[in-house]
Amino acid sequence: MWKALAIKELREVSGIAAIALALGLALFVFLLAIDIETAGLMGIWHHRAARIPFVEDTFPVLFAFLAAAVAIALGFRQSLGEAIRGTYPFLLHLPLPRGGAILTKLVIGLAVYLVCSAFPILLHAGWAATPETHPSPFLWAMTDMTLRLYLTMPVLYLGS
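Mapped onto my numbering, the consecutive letters of the sequence shown carry residue numbers 0 to 159.
Simulated pairs of lysine to any residue, SDA-like, Cα-Cα distance not exceeding 25 angstroms:
1. Lys2 / Ala100
2. Lys104 / Ala17
3. Lys104 / Leu155
4. Lys104 / Gly14
5. Lys7 / Leu105
6. Lys2 / Phe75
7. Lys2 / Glu81
8. Lys104 / Leu65
9. Lys2 / Leu93
10. Lys7 / Gly98
11. Lys2 / Pro94
12. Lys104 / Phe64
13. Lys104 / Gly85
14. Lys7 / Leu95
15. Lys104 / Ser159
16. Lys2 / Ser13
17. Lys7 / Gly85
18. Lys2 / Pro153
19. Lys104 / Val154
20. Lys104 / Ala5
21. Lys7 / Ala110
22. Lys2 / Thr86
23. Lys104 / Leu79
24. Lys2 / Leu95
25. Lys7 / Ala67
26. Lys7 / Ser78
27. Lys7 / Ala68
28. Lys104 / Ile6
29. Lys104 / Phe89
30. Lys104 / Gly74
31. Lys104 / Gly158
32. Lys104 / Met0
33. Lys7 / Gly80
34. Lys7 / Glu81
35. Lys104 / Ala67
36. Lys2 / Pro96
37. Lys104 / Arg84
38. Lys2 / Ile83
39. Lys104 / Ala68
These are calculated hints, taken from the structure and not from any lab test.
Input sequences plus hints: build the corresponding full structure.
Dropping the structure here:
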């Protein structure tokens, strides 16, 4: 029964997850294109970015908007979707503890958020850690602000 409920939740939020992954990839490509364009205008090597990733670029700000949109969309999809279709009475009458059904929805929603939001961070960090992509060394401490945003957004998901 738990497995069926988890699969149902995954199936319902798969569209939001696909859109979130596509937007995360688009964010990465957009920032990479801006950095390469800026480096070319400044006369730096054509394949090197001019700004320090996570520190001087706009990634944390754009990531905050993306992560907030994903968290809100998941929260509203899972709560309003069940309320509009009237499936809460059915879910709460399944032979599961009531808290278990709600907890399953929350765990699936949080897992989808954490995976989809980690995707652009890992792409950008992987690029930043690659040698000769920007004129500074990469330290994981540079991602501190972005990781704080990443770990704060589940509160927004739970609120929506």
